[in-house]
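A.B. asks: Sequence:
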Amino acid sequence: MQGNILSAKADLEQLNSRLAAYVHRVRQLKDENDIKDLKAAITVLEDDLRSLKASYECQINHLSSSIRILTEEKHELQKELLAHKETDAHFMDRGLKSDLSDYEREISTLKLRIRQLQLEAGDGQSAKKKLIEELHDLKQKQRLGRMRSRLDWYIAQFAANDARMQEVAHKEATVPEILLRLRKTARDEIRKHQEETKAYFKKTVRHPRTDPDIIYIALVLPARASSLTRLCISKHGFHFTLFIFLANSFIQQVSMLQSQLVDERKRNRFLKMESYQSGQQNLLLQKEVVELKAKVQTQDHQINLMEQALKTAQRDLDKTRIEYEDKLRRVESVIAEQTSINETAQNQASQVRTEVARLRKLLENEERRLHLQLSSDLDAGNNLQTETDHVLGGITPEVDVSSEIQEKPIDAIASELITHLSKSKDSFGSCETFCPPTVSIPGQSAVLSTRRSFEQYSAEQPQGQHQEATRATSATDGNEAYQGEEQETRGSNRLKFPKEKEIDNSKK
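Numbered by the numbering used here, the letters in the sequence shown go through residues 14 to 521 in order.
Worth double-checking, as some hints may not be accurate.
[To be verified] Derived CB-CB ranges, DEER-like:
{"hint": "1", "residue 1": "Asn295", "residue 2": "Thr333", "range": "54 to 62 Å"}
{"hint": "2", "residue 1": "Gln153", "residue 2": "Ala322", "range": "27 to 35 Å"}
{"hint": "3", "residue 1": "Leu113", "residue 2": "Ile348", "range": "30 to 38 Å"}
{"hint": "4", "residue 1": "Val309", "residue 2": "Ala349", "range": "52 to 60 Å"}
{"hint": "5", "residue 1": "Gln294", "residue 2": "Leu113", "range": "54 to 62 Å"}
[As the list claims (entries may be wrong)] For lysine to aspartate or glutamate, the following EDC-like pairs were computed, each having C-alpha atoms within a straight-line distance of at most 16 Å:
{"hint": "6", "residue 1": "Lys141", "residue 2": "Glu301"}
{"hint": "7", "residue 1": "Lys87", "residue 2": "Glu301"}
{"hint": "8", "residue 1": "Lys340", "residue 2": "Glu350"}
What the hints contain is simulated information worked out from the structure, not anything from laboratory work.
Every residue, glycine too, gets a C-beta built ideally from N, C-alpha and C.
Use the sequences and the hints to build the structure in full.
C.D. replies: Okay, here's the thing in structure tokens:
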């Protein structure tokens, strides 16, 4: 029994040693395969970095060319704006000069018209003054002629009246005697008549009246009175004839004076008519003067309107100038915004460059670290498990990266690369031409590629941008994409995950 136990124990020890050797060999092969996979992944990463470098350089060149184009367009727009300003100012100056010349011509013509009207008004006033003076002179002459004629007539009348007065004075010297005689005769006849009337009344009182008495009273007494008057006239006829002659002469003088008054009235009417006509002429001249004043006022109003129009035109010009200045300011602000956008794009590009440089340093450091460890593994040929541990998570003094980055595994670094590439794709999504690289990075679950992530991102974008991006990529970087796809296929064929390798080894 003890021999069987010892033999079984020896068999188990042999099996255990064989199994340990087998496990060690499997682990060694696994480590070798992992190292090969890491080398292939590093080569793929290098290729992807090269393609990324080319794409970023393409993008940077495109951005620089777009910035140059924008600056050239800015200069051209500034030149066009200056040319438009000059042309607008030239046309506005020409229009204003033509308008000013027209207004000045109109003002000069209006001034000449005003002067002519003033001269005409002055001529009318001078003619009016001359006519008034002539009328005054004529009136004075007529008055002097009238006064002279009247004086001559009065002198003649006074002379005739003096002669007549002398004759009348001689005749009046005999008038008292004649009057005394007439009085005596009249008294005698009155007395006789009274006596006859008394006798008649006495008879009538004593005896009633009869028809013949009434006839006597009615007819005889008046006849006798008229006969008495005729007697007086026949006796004193010379004096009555003289009196009648004087009365007739006085009547003739009165008629002559009336005729003279009529003539003077006619002359006054004629003079009134002339004065009325002169007044009408004066009214006409005054109306003309008023019309001229109204014309002058209208011309002044037109001049004021023209001045107001000039002021409004100047205001409109100022408004248009202000509007053009505002437009220029807006254009300048837009240009400034575009320049700021370009500067931000340049800053983003510089940030992307710095990130690419940082990642490049990381990859170079990882590459150096892995290369050194692989060379040490190949030289030593032993302790592969510990060396693979150093490759996956060890720390070497040659790496200049921080401890946090060194402690990260390769899958985390690959995921960081993918996220950074997606961010760079987002930042450069607005560019017209885009050069997408091809990157394939191995992970724990599947082979990841930045090109597929870019294709997914472009599928999420609108169709127009996706078509432009695909056209630009196909036109600019078709060969690189083709080479990247070949490298992807080669890397995917070469690289396999550790679990798959374990399964294959177990199958073997």
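A.B. asks: All the hints need checking, so say for each whether the structure fits it.
C.D. replies: Here's how the hints hold up against the structure:
1. Asn295 - Thr333: 54 to 62 Å: About 56 Å separates the Cβ atoms of Asn295 and Thr333, which means 54 to 62 Å holds.
2. Gln153 - Ala322: 27 to 35 Å: violated (57 Å)
3. Leu113 - Ile348: 30 to 38 Å: Holds - the Cβ-Cβ distance for Leu113 and Ile348, about 37 Å, lies within 30 to 38 Å.
4. Val309 - Ala349: 52 to 60 Å: holds (58 Å)
5. Gln294 - Leu113: 54 to 62 Å: violated (44 Å)
6. Lys141 - Glu301: holds (12 Å)
7. Lys87 - Glu301: Outside the cut-off at roughly 68 Å; violated.
8. Lys340 - Glu350: Holds, because 15 Å separates the two Cα atoms, which is no more than 16 Å.
Checked against the numbered hints given earlier, the structure breaks hints 2, 5, 7 and satisfies all the rest.
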